[in-house]
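Under my numbering, the sequence shown has 133 at position 133, and the numbering climbs by one with no breaks.
These are computed hints drawn from the structure, not numbers from a lab.
We put the CB at the ideal spot given by N, CA and C, even for glycine.
Simulated restraints on C-beta separations: (1) A26 / T132: 36 to 44 Å; (2) G40 / E133: 38 to 46 Å; (3) D171 / L72: 27 to 35 Å; (4) L72 / V32: 24 to 32 Å.
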Amino acid sequence: MSLYRRYGKRILDLALGVVALPLVGAAALVVVPAIRLEDGGPALYRSQRRGLRGRHFTMLKFRSMGVGAPDLRNADLSTLNSDDDPRVTRVGRIIRKLSVDELPQVLNVLRGDMSFVGPRPNMTRQSWDELTEQERKRVQVRPGITGLSQAYHRNAATTQQKYALDCEYVDTVSLLLDLKIIAKTFTSVLAARNINASGTAGEGERS
Numbered sequence: 001m002s003l004y005r006r007y008g009k010r011i012l013d014l015a016l017g018v019v020a021l022p023l024v025g026a027a028a029l030v031v032v033p034a035i036r037l038e039d040g041g042p043a044l045y046r047s048q049r050r051g052l053r054g055r056h057f058t059m060l061k062f063r064s065m066g067v068g069a070p071d072l073r074n075a076d077l078s079t080l081n082s083d084d085d086p087r088v089t090r091v092g093r094i095i096r097k098l099s100v101d102e103l104p105q106v107l108n109v110l111r112g113d114m115s116f117v118g119p120r121p122n123m124t125r126q127s128w129d130e131l132t133e134q135e136r137k138r139v140q141v142r143p144g145i146t147g148l149s150q151a152y153h154r155n156a157a158t159t160q161q162k163y164a165l166d167c168e169y170v171d172t173v174s175l176l177l178d179l180k181i182i183a184k185t186f187t188s189v190l191a192a193r194n195i196n197a198s199g200t201a202g203e204g205e206r207s
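Working from the sequences, and respecting the hints, build out all of it.
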């Protein structure tokens, strides 16, 4: 294991997390009241996810769906995405398009549950014994707010393509690669290209 993967990646996460924390606070001042005013429900969505070495943790997001919205899935169990998904609120469409709904995950990064860059964390529906080889490989690193698939394909990649890219990332993780993924994610969000109105995954939730 490289020195960066063992020590440097966590140091980078903490440094970026401290820098990003004021942005999370500023966004919360706008987003939280908007969500609460729209339907009176909680502003945060909490979801149990599988993290490093398969450990479960609670992932945070700004809620973008109506309270009690059903978790709809495709045949491969990936989250159903649709431009006109009725589960997504008006505020939710805006914060998803801007990827603002992911900002609370900076707190997950600071707590050590996640990294800024890594495979997106899966839900915990399956037991460890039910996971495929690819799914087990994905959790050899901390899950990320963004990753290779999210940076370069947004919502266009299939589940198989995402997993292949995740495994490629696990094999090649480096400081340069992380910086490239962060930069590409930032430019993609600004351009808002290849992202549907329901964002990068669903609130069963966006994966």
